Amino acid sequence: MTRLGGFIVAVAVLAAVIGPVVAPFDSSSQELALRLDGPSLQHWFGLDELGRDILSRVLAGARISLLVGLVVVSISSTAGIAVGAAAGYFGGRVDEILSRAIDILMAFPGLLLAIAMVAVLGPSLFNVVFALSLIGWVGYARLVRGQVLRARELEFVQAARALGASTPRVLVRHVIPTTLPAVTVQATLGMGGAILAEASLSFLGLGVQPPTPSWGTMLNYGRIHLLDAPHLTIFPGLAIAILVLGFNFLGDGLRDALDPKEAGR
Amino acid sequence: MLTLPVLLGVATLVFSLIHLIPGDPAQAILGETAPQADVDELRRRLGLDRPLVEQYGAFLSGLVRGDLGMSLRTGEPVVSQVVARVPATAELAAASMFVALVVALPLGIAAAVWRGTVIDTGATALALAGVSIPNFWLGPLLAIVFAIQLGWLPVSGRGTLAHLVLPAVSLGAALAAILARMTRATLLEELREPYVQAARGRGASRTRAVLRHAFRNSLVPVVTLLGLQFGAVLTGAVITETIFAWPGIGRLLIQSIGFRDYPMVQGCILFIAVTYVAVNLLTDLVYGVLDPRIRYE
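Protein chains in written order, with the working numbering: chain A, 2 to 266; chain B, 24 to 320.
Treat the hints as calculated values from the structure; they're not laboratory data. These numbers were taken from a predicted model, which means no experiment stands behind them. Heads up, a few of these hints could be off.
One side only, chain B facing chain A, incomplete, derived with CB under 7 Å [said to hold, decoys possible]: (1) Leu43; (2) Phe121; (3) Phe159; (4) Val288; (5) Ile292.
Chain A regions said to be covered by chain B (calculated; three or more residues, Cβ under 8 Å) [said to hold, decoys possible]: (6) 202-208; (7) 223-236.
Glycine residues also receive a C-beta, built at the ideal position from the N, C-alpha and C atoms.
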């Protein structure tokens, strides 16, 4: 399943990179006379409410989804590593304060907070990334804190400290690298989560705004035509489900590979 | 007890939401072209003309008294409108959790008992698919097949049991997937325990050893997870209610966002978040009852 996951993700990345080149049509060009037409030989996934080719828009949407996932995961994992490492390594008051902040944010349903933030900040791609990053770092921080608590007692870390290495050096060179396998697994699963969250917000009309082709936005508009043109709903949704499944397969496989004790669980 | 600081944190987050609005919140609500007098009046009504600390104090004291202000759209108290939507959301959440348990437990047990077989692989793949399929896609798909094509179930609204089926299944699918994986993992662990081997040694059948002994103990983490996933169910309900025109808090929230009715948005979010914290606390307590080894100071 790991290979399948890797294959799906690779295909999606390829679609995002060369999608606009191989797409049969421009993702924004309209053929109003053919609006809502179902799948055909010329338009494999059919056309949407403005007569745009859905296959071309699904390919273009891959770019948005992967971009959001990548940016959100990069920002949240970096922030999470910094906060988690500080809490775990320094302990005491620092840990107390940071851990309480983590607990409070963990107590808030993440997507709800993102909905609330985008609701007040206004719907846009930037605000979606901002909101998802703001809630995303908490999970990484908690994970890294636990890992660092264990790592700081390891012999080679204590040896580095005894040899006079500075705190930043011990953290960056010795402690944080021990957390990276777990962070990689979380980041892989987090890509799926971020893509799903972006699509959810866009579906609610709070994310990426038209005419930018986002899978969630396409589903939102497809809802209006559920009775007369279900293909508007089927294909973008299938794309989301397959890509998220790919990241979940990959993340699961990575976890088994990096932590054999967890394998088969 | 962490619950009080968490509740205070949640309330503070919700309070600060309206202050995150870029520029003047009153102007943003009424629009750029609104007359200055109207903007000033709204600012006064929302208390935005007072110092921030005073606003915060008033918000908290209102919260304690169950007063979350008035809806900007209807002019009615926010609390009464949110409370009126509770039964619908509670019904949907309960039904989706029921669906999740009914699907997840047999699936998880089968995967653990027949570990490494086709059944196990199939159950695991199904579970991963369940987590990956977004409910805002599954919902419309179910509607296309069961409401539009087959005509068996109503496509939207609330009223009869039939109305509940599609929203509950689309909301419960992801939870079922997560619970099935957890059931499999914990049951596998329990099956290795000496007491299960002992039960088998005393002549208990395989089915009895699994169901009466191992499964019972594996329920503790499953129940905990069910509680912890409640937040996801509530957030998912926001989407599911929007798809199926289900008159719950989630739909009220999305409608209020559309109308820039921020007191109502705050009320809905606060209600969902507080319910989530309360359910988490309840889960901790139930955990203690299910497993007497856990005691709280």
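Review point. With 7 Å as the cut and Cβ atoms as the points, is Leu43/B at the interface with chain A?
Key: Hint on Leu43/B: holds, closest Cβ of chain A at ~5 Å, below 7 Å.
Review point. With a cut-off of 8 Å between beta carbons, are at least three residues of the stretch 202-208 of chain A near chain B?
Key: holds (count 4)
Review point. With a cut-off of 8 Å between beta carbons, are at least three residues of the stretch 223-236 of chain A near chain B?
Key: holds (count 7)
Review point. Does Phe159/B meet its interface restraint, that is, does its C-beta lie within less than 7 Å of any C-beta in chain A?
Key: holds, 5 Å
Exercise for review: For the hint on Val288/B, just tell me whether its beta-carbon gets within less than 7 Å of chain A.
Suggested key: Since the shortest Cβ distance to chain A is 6 Å, the answer is holds.
Point to revise | Given hint Ile292/B near chain A, where the shortest CB pair must fall under 7 Å | key: holds, 5 Å
Practice item. Classify the hint on Phe121/B as holds or violated, based on whether any CB of chain A lies nearer than 7 Å to its CB. Key: violated, 20 Å
Of the numbered hints listed earlier, the single one contradicted by the structure is hint 2.
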